[in-house]
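J.: Chains as they are written, first to last, in our numbering: chain E, 4 to 116; chain V, 4 to 116.
Among the clues, some could well be false.
As the list claims (entries may be wrong) - Taking CB as the label site, the calculated pair distances span:
no.	chain 1	residue 1	chain 2	residue 2	range
1	V	Asn-44	E	Ile-56	27 to 33 Å
2	V	Leu-10	E	Thr-6	33 to 39 Å
3	E	Glu-62	V	Ser-87	31 to 37 Å
4	V	Asn-44	E	Thr-6	17 to 23 Å
Simulated from the structure, these hints should not be mistaken for lab results.
The C-beta atom is built at its ideal place from N, Cα and C for all residues, glycine as well.
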Amino acid sequence: SQTIHQWPATLVQPVGSPLSLECTVEGTSNPNLYWYRQAAGRGLQLLFYSVGIGQISSEVPQNLSASRPQDRQFILSSKKLLLSDSGFYLCAWSVNSEGSPLHFGNGTRLTVT
Amino acid sequence: AQSVTQLDSQVPVFEEAPVELRCNYSSSVSVYLFWYVQYPNQGLQLLLKYLSGSTLVKGINGFEAEFNKSQTSFHLRKPSVHISDTAEYFCAVGQGGSEKLVFGKGTKLTVNP
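Throw the hints in and build the complete structure from the sequences for me.
T.: As structure tokens, then:
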């Protein structure tokens, strides 16, 4: 069966520090991969998605970037965190098929101080 | 662009009572629909999905939803809730690829003893 791992679960970082969140998927090949941010009362915001190695689409211009160095690995990064980057970050995967549901990791709670 | 409205941000109910969480979407063209549940500090878990066929969809944990094309609604129901159903519930609507999935802002269900 397929599983998705996301770490760390919680992270407290000072303003201006770098960020690296990692997500890996097991049990499937060539998945679509996604990074979402969830802010209280504002639902889910799609940040990046990827349909293959090295292929990244950005949905919202911001202080973050994403990379996909391997088929089942998706990384969210920042060179310098802002206070507004605080939030709950969720990685997800789906098969590359219309109507395919998203499968989410357990999320990372990021607090920028 | 597609939009999703979850009409109630919070729904308190007593244990063993029935519940309905409402979801309306904007587009009347062919769509696929999902309900997800999120427990505190966890990712989203798929409850059920509608792609085509029967308009009554059964999901996990005793939940079901009914697709109503004329009213562009996809309300979630459970005939008798448990304390353990306390969580936030998200409706999502998509057309085409999963990167186009649009989420509602969520409904917090609180089941009281």
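J.: It remains to establish, for every hint, whether it holds in the given structure.
T.: A quick look at each hint next to the structure:
1. Asn-44/V and Ile-56/E have their C-beta atoms about 31 Å apart, which keeps the hinted 27 to 33 Å range intact.
2. For the pair Leu-10/V and Thr-6/E, the beta carbons lie near 34 Å from each other, so the given range of 33 to 39 Å is met.
3. Checking the proposed 31 to 37 Å range against Glu-62/E and Ser-87/V shows it holds: the Cβ atoms sit about 34 Å from each other.
4. For the pair Asn-44/V and Thr-6/E, the beta carbons lie near 19 Å from each other, so the given range of 17 to 23 Å is met.
Checked against the numbered hints given earlier, the structure satisfies every one of them.
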